[in-house]
Amino acid sequence: MPNTKRYLITGGVGFAVGTFFLWNYPNLGLGSALLGGLVIAALCLLYSAPLADMIKAGLIAGMFGAVMTIVYGTHKPGVAIIAGMVSGLGAGLLAFQRSPQANPKKAAILGAEAGAIAGAWTGLSLFVMAFVIAPAAGIDAGDFAEHLSETVILADVLGLGSDILILLFAFAFSTLSGAILGAASCAARSLPLRPNIPLLAVIALPVLLIPLIDRAGNLLLLDALIPIYIFILLALGLNIVVGYAGLLDLGYAAFFAIGAYTTAMLSSPHLGINLSFWLVIWVAAAVAAIAGLTLGAPTLPLRGDYLAIVTLGFGEIVPILFRSLGGGPPGGTLTLRFFGMPIGIEQVDLTGGNKGINPISPPHLPLIGDFDPSNKIPWYYLLILIMGLAIFFINRLRDSRQGRAWMAMREDELAADAMGINVVRTKLLAFSMGAMFSGFGGAFYGAFIGAIFPSSFDFSVSIILLCMVILGGLGNMTGVIVGGLLIQGADKMFIPKGAELFRRIAETKARAEGSSTVGVSALQDLTQQRLLLFGIVLVVMMLVRPEGLLPNERRKAELHPDDDTINSNSVAAEAEADPSLAA
Amino acid sequence: MLQLQNVHTYYGNIHALKGISLEINQGEIVTLIGSNGAGKSTTLRTISGITPPRTGQVLFEGKSLNSVPAHKIVSQGISQSPEGRRIFANLTVRENLEMGAFTRNDKAEIASDMDRVFDLFPRLKERVAQRGGTLSGGEQQMLAIGRALMSRPRLLLLDEPSMGLAPVLVDLIFEIIQNINSQGTTILVVEQNALMALGIAHRAYVLQTGAIVKAGDAATLREDEDVQKAYLGME
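Chains as they are written, first to last, in the numbering used here: chain A, 1 to 583; chain B, 1 to 235.
Please keep in mind that the hints were generated in silico from the structure rather than gathered at the bench.
These figures come from a predicted structure and were not determined experimentally.
Treat the hints with care, as some may be off.
[To be verified] According to the in silico footprint, chain B covers these stretches of chain A (three or more CB under 8 angstroms from chain B):
#1 397-406
#2 418-424
[As the list claims (entries may be wrong)] Cut-off 20 angstroms, straight-line C-alpha distance, at most; resulting in silico cross-link-like pairs (EDC-like, lysine to aspartate or glutamate):
#3 Lys72(B) with Asp458(A)
#4 Lys107(B) with Asp412(A)
#5 Lys107(B) with Asp119(B)
#6 Lys355(A) with Asp223(A)
#7 Lys492(A) with Asp223(A)
#8 Lys125(B) with Asp113(B)
#9 Lys125(B) with Glu83(B)
#10 Lys125(B) with Glu98(B)
#11 Lys72(B) with Asp349(A)
Even glycine gets a Cβ: it sits at the ideal position worked out from N, Cα and C.
Take these sequences, add in the hints, and give me the full structure.
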């Protein structure tokens with residue numbers, strides 16, 4: 001048994017964790033306390049050869065389940081199930097990627113194994129949530145269990161503690177979904193499909209299911225997810241400009257603002273023009289694209305730093321412009337005329353100044369009616385549709401002649417010119433294509449929020465977007481999406497939720513000690529430090545992995561020239577051809 | 001095939017070419033020799049549209065190129081291997097060559113042209129998946145020439161193909177240039193290595209501070225006393 005040592009270590013750690021629970025929470029009973037540890041140990045014993053890979057896959061996915069559980073586990077029934085399912089899906093996918101087997105049965109087993117590890121993690125974190133964090137934050141563990149009413153009933157029937165059952169749920173769902181996914185991805189492989197389609201389906205499935213899970217679990221995830229997705233859409237557009245064409249744009253938020261303001265002005269009672277969202281979104285994209293051309297034209301001779309400064313200026317000008325195009329006292333005298341005909345604007349208040357434009361009309365569909373701000377599900381699917389189209393389109397664009405022209409221009413503008421590439425056109429197209437996608441994003445944002453303010457389009461927005469692109473991997477769409485999910489997810493979901501937990505823990509502690517809770521919350525407020533955290537992450541990333549999390553192959557090669565072993569071969573070959581070089 | 005008629009080119013206020021007239025006939029190798037700053041590269045840049053002439057005419061097959069933008073010159077049938085090679089360092093050898101055929105759309109023809117380039121430069125074939133920047137200097141020069149050939153030019157402009165190369169490789173490169181010419185491509189080569197250039201060229205022009213001071217048969221110029229003294233290092 002070559003892996004005995006590993007089993008023993010893993011099992012020992014698991015057992016220690018279990019004992020820790022027993023020690024801290026003697027009222028839980030021996031059985032449940034040991035279970036966490038025993039499960040991990042038992043799982044390890046079940047595995048055969050690809051153990052390390054399975055553990056890795058399960059751990060990676062399980063981490064997600066664990067974070068989900070700890071952050072969102074408070075009082076939310078069904079969290080175990082969802083977290084288990086999601087981590088199982090992830091684990092199955094990872095397992096299959098690591099050891100692709102031709103046989104669906106084998107793949108299912110692999111997926112199940114990985115899912116089981118992920119499930120154990122999730123279950124463990126549920127334990128931590130219920131019996132360590134929840135009590136510390138002043139949430140009664142019993143209270144927590146009671147919310148899982150179905151679980152409690154089932155627990156009575158089975159004669160088990162509800163805590164054990166939570167773990168079992170996470171475990172079972174995780175294992176099951178891991179197995180299904182493993183088998184499915186294997187089965188899909190034998191179908192006559194392009195190889196990326198099964199992978200796409202596997203990614204699309206959870207994305208499409210999120211609203212249903214969200215509703216079932218009452219998690220209110222969509223409130224955070226939709227703004228995250230909007231930012232990802234923007235980052236994808238920025239990636240065209242910065243990643244593909246190599247033009248550093250520090251004022252990208254300006255196009256976002258232009259898209260949003262176009263929508264606000266054309267689709268709200270503010271100016272009396274109330275066009276349908278379905279028309280306005282195209283207008284917004286077109287206006288943003290034209291704005292992209294307008295920015296691109298004067299910057300044509302500029303490169304690198306100089307270009308960055310000009311775009312920075314553009315990014316500052318646009319919100320100021322929108323701020324000053326309105327907000328004056330009502331009843332101004334200027335009337336806009338079109339060929340002598342007044343067009344219904346009796347005052348100059350185009351943009352509402354600092355107050356912004358409020359309200360903006362939501363989209364309308366025959367069966368659904370007006371999109372309701374309180375029901376996020378139609379919004380979510382609409383955004384998914386826009387993003388799906390954007391991703392498809394950008395992907396095709398990258399592989400087209402235009403994409404190659406961008407690549408050549410990024411590498412060497414003069415050489416690109418010598419290849420017969422129209423550099424002027426290529427550059428302008430990059431700006432306007434990039435801007436177009438933020439026009440779509442801006443239109444959706446305006447309609448979704450229902451009101452816009454000039455302060456929503458600050459410099460910091462451009463910078464965050466740029467960080468998303470760079471952190472994820474410049475020039476690689478998957479990387480940009482992952483980077484966006486991480487940065488925006490941390491920013492909008494995990495840090496605020498975590499901060500709330502910290503605050504509650506601190507308050508509970510202070511209350512227990514009989515001291516005042518005033519000031520504790522401010523001290524413990526993690527959201528205050530989010531930019532600091534963010535900065536640290538970026539600095540570390542740039543030192544350790546400058547090419548981003550999921551780099552574009554070419555950029556990776558560029559940043560790690562030492563890895564190019566072929567290089568030395570080439571020099572050696574040269575030396576061979578010319579003996580004088582060898583000396 | 002190509003005629004320059006009294007061409008004056010400026011960089012801002014700097015008068016770089018002061019009335020150059022030259023002619024290149026179909027099937028020839030013509031070389032421009034001269035010292036640093038004589039205007040050799042500027043002449044090429046003028047032909048390829050990067051720095052268009054202020055006065056005078058550039059005629060290619062009878063049509064004026066004066067107002068044709070640089071990126072359209074390639075599809076007219078002129079391509080150049082620019083000074084300093086300027087290959088795409090992060091693209092593979094194959095991608096570099098494909099980029100050379102950017103103006104073309106005929107996939108099969110492009111593939112056969114790529115094979116032709118690999119016949120000329122077998123070394124490139126060995127390195128087909130390697131990034132351009134990791135090639136040695138000689139290989140990069142081969143790639144730059146190969147890339148220029150991918151647009152199927154009738155006139156090939158080579159700027160300092162021997163620059164920075166070991167003598168053995170210079171011989172090899174010039175041999176290949178002759179080879180390309182024998183397959184029917186007209187070549188204008190700008191060189192500091194006048195001895196080598198005069199060795200392969202049919203005709204030559206000698207440039208000095210923006211003007212042509214001597215012209216004629218390469219073999220004759222090679223024997224010319226002034227040329228020998230100034231450019232060939234002979235007393």
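Results for each hint:
1. Residues of the region 397-406 of chain A lying with their CB closer than 8 angstroms to a CB of chain B number 3, which satisfies the three-residue condition for coverage.
2. For the region 418-424 of chain A, the assignment as covered by chain B holds, since 6 residues bring a beta-carbon within under 8 angstroms of that chain's beta-carbons and 3 suffice.
3. Using a Cα cut-off of 20 angstroms, the hinted pair Lys72(B) and Asp458(A) is violated, with the two alpha carbons roughly 41 angstroms apart.
4. For a cut-off of 20 angstroms, the pair hint linking Lys107(B) to Asp412(A) is broken: about 24 angstroms separates their Cα positions.
5. With a C-alpha separation of about 18 angstroms, the suggested pair Lys107(B) and Asp119(B) falls inside the 20 angstroms cut-off, and the hint holds.
6. Under the criterion of a C-alpha separation no larger than 20 angstroms, the hint pairing Lys355(A) with Asp223(A) is inconsistent with the structure, at around 23 angstroms.
7. Distance restraint check for Lys492(A) and Asp223(A): the Cα-Cα separation of roughly 9 angstroms lies within the 20 angstroms cut-off, and the hinted pair is therefore satisfied.
8. A C-alpha spacing of about 13 angstroms is found between Lys125(B) and Asp113(B), which places the hinted pair at or below 20 angstroms, so the restraint holds.
9. A threshold of 20 angstroms between alpha carbons decides the hint, and for Lys125(B) with Glu83(B) the separation of about 23 angstroms lies outside it, so the pair is violated.
10. The straight-line distance between the Cα atoms of Lys125(B) and Glu98(B) is roughly 14 angstroms, inside the 20 angstroms bound, and the hint therefore holds.
11. A C-alpha spacing of about 48 angstroms is found between Lys72(B) and Asp349(A), which places the hinted pair above 20 angstroms, so the restraint is violated.
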